[in-house]
Amino acid sequence: MRRSTIRPRRRPESLVEIYEVFRRSGHKEPFEHCGSVTAPDARMATVMAKECFTRRGEGRHLWVIRRADIHSWSDDSLPDPAADKTYRFAHAYRDVIKKRALARSRAQADAR
Amino acid sequence: MTYEERWTGFEAHIDGGGMVEAGDWMPDEYRAGVLKFIEMHANSEIMGAIPEREQIPGAPSLKRKMSLTAKVQDEVGHAQLLYRVAEDLGKSRDAMYWDLVSGKSKFHNVFHYPTFHWGDAAVIGWLIDGAALVTQASLLESSYAPYTRVLKRICAEEQLHLRHGEDITLELASGTDRQRAMLQDALNRWWLPIIHFFGPKSNVDKDLLLRWRVKTRTNEDLRAEFLDRYVPKVLELGFELPTPVPFKDAASGRWVVNDEDIDWAPLDAIKKNQGPETARRLGLRRRSYEDHRWVREALNDQTSQAA
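If you're matching them up, the sequences are chains E and P in order.
Under numbering that gives the first Met the number 0, the first residue of the first sequence is numbered 0, with each subsequent residue one higher.
Under numbering that gives the first Met the number 0, the first residue of the second sequence is numbered 0, with each subsequent residue one higher.
Any given hint could turn out to be false.
Claimed, not checked - SDA-like cross-link-like pairs, simulated, lysine to any residue; straight-line CA separation at most 25 Å: (1) Lys49(E) to Lys271(P); (2) Lys270(P) to Leu208(P); (3) Lys90(P) to Val46(E); (4) Lys271(P) to Ser66(P); (5) Lys35(P) to Ile17(E); (6) Lys90(P) to Ile64(E); (7) Lys151(P) to Ile64(E); (8) Lys49(E) to Asp300(P); (9) Lys270(P) to Ser66(P); (10) Lys232(P) to Ala155(P); (11) Lys49(E) to Ala144(P); (12) Lys49(E) to Lys270(P); (13) Lys247(P) to Asp300(P).
Stated by the list, open to error - The following label-pair restraints were derived from C-beta to C-beta distances: (14) Asp40(E) to Lys247(P): 58 to 64 Å; (15) Asp290(P) to Trp72(E): 27 to 33 Å; (16) Lys247(P) to Ser24(E): 44 to 50 Å.
Said to hold, decoys possible - Selected chain P positions facing chain E (in silico; Cβ < 8 Å): (17) Gly76; (18) Leu80; (19) Arg83; (20) Thr147; (21) Val149.
Calculated directly from the structure, the hints in this document are not laboratory data.
Every residue, glycine too, gets a C-beta built ideally from N, C-alpha and C.
Whenever a hint applies, use it, and build me the whole structure from the sequences.
Structure follows, in structure tokens:
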């Protein structure tokens with residue numbers, strides 16, 4: 000096919016940066032990451048984010064944050080903690096029903 | 000760690016169902032393969048907006064004009080999301096756009112064909128979006144995590160597009176003889192390109208994207224799902240499908256086509272960017288690239304930033 004003579008012009012230095020976009024659907028929801036946009040500043044990033052991520056009223060609240068300003072941590076390779084830390088979870092206390100029955104019968108025994 | 004050791008670790012991670020994030024270590028072949036794949040998807044979204052846009056003036060009512068316009072906007076929006084994900088793999092949007100408009104990179108075969116009337120809007124909106132959705136839904140399980148996250152959003156919107164296309168189709172199918180003839184005409188022209196859409200039989204042994212779960216299913220598997228799902232829907236409306244004529248396989252009970260009935264020559268031409276509408280549509284994109292240069296430059300202008 001025919002080739003174009005148009006070439007992308009070299010830019011001295013690109014000012015465009017990546018902004019991560021967070022969106023909240025209502026006041027009872029937390030902000031959630033929904034994607035990213037490129038923009039030269041935060042104001043423009045907000046405009047881009049609004050166009051990209053709220054076309055169907057998915058949210059009225061947006062945060063845009065320069066990717067370079069985000070500090071993150073993750074480590075999938077961390078082994079399961081050696082110590083038993085089930086006490087941090089609700090399911091560790093499932094036997095309250097049994098314990099309640101026990102306590103009740105104890106109370107009845109005392110009353111007698 | 001040597002490159003080979005890292006490679007082995009990476010494969011074990013993938014084999015164990017692991018996902019890959021943009022900042023993770025990945026083999027160069029994985030990075031290049033995923034980038035090319037997502038770039039092609041993004042190109043297809045932005046080029047796919049053109050044939051549909053062509054039918055906006057021909058829409059039969061204001062409501063149809065508005066809904067088709069919204070759909071075109073969605074497709075361009077998908078391209079925005081996908082180019083962003085691809086950029087994070089190391090190729091700038093400008094370079095991708097340039098490769099597209101200069102004919103160096105590719106976009107999906109169905110967007111290389113002309114449209115003629117509102118019947119095209121029906122078939123594109125229903126069957127081509129249906130085919131795209133079968134493919135994209137399979138990619139939700141891809142190993143490249145940033146891609147699956149944007150696909151979630153894209154698939155939700157494609158579901159809506161599918162309803163939109165089906166709505167147009169059913170309106171034509173229940174209309175006048177002329178309306179039905181328009182739909183049949185569009186089906187006759189689009190059927191073979193839709194069969195091509197899924198690509199030729201996958202080479203399972205050689206396809207690294209399949210091995211690394213970037214793609215999760217073979218081309219023929221996706222085509223088979225599409226045929227079994229959509230052929231009965233077309234036939235029950237009283238329309239015919241041309242060569243390769245689908246039939247119900249006696250053994251499996253599924254709707255299929257004979258592989259030897261598929262003429263691959265048109266797809267081979269499109270792969271070389273020599274489809275019927277390739278040059279004209281790339282020309283349109285090139286023109287908009289030029290027309291909007293001032294916007295890119297204004298966004299990037301240091302002096303206006305300082306003001």
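Exercise. Tell me, which hint numbers fail for this structure?
Worked result: Violated hints: 1, 4, 9, 12, 13, 15 and 20; rest satisfied.
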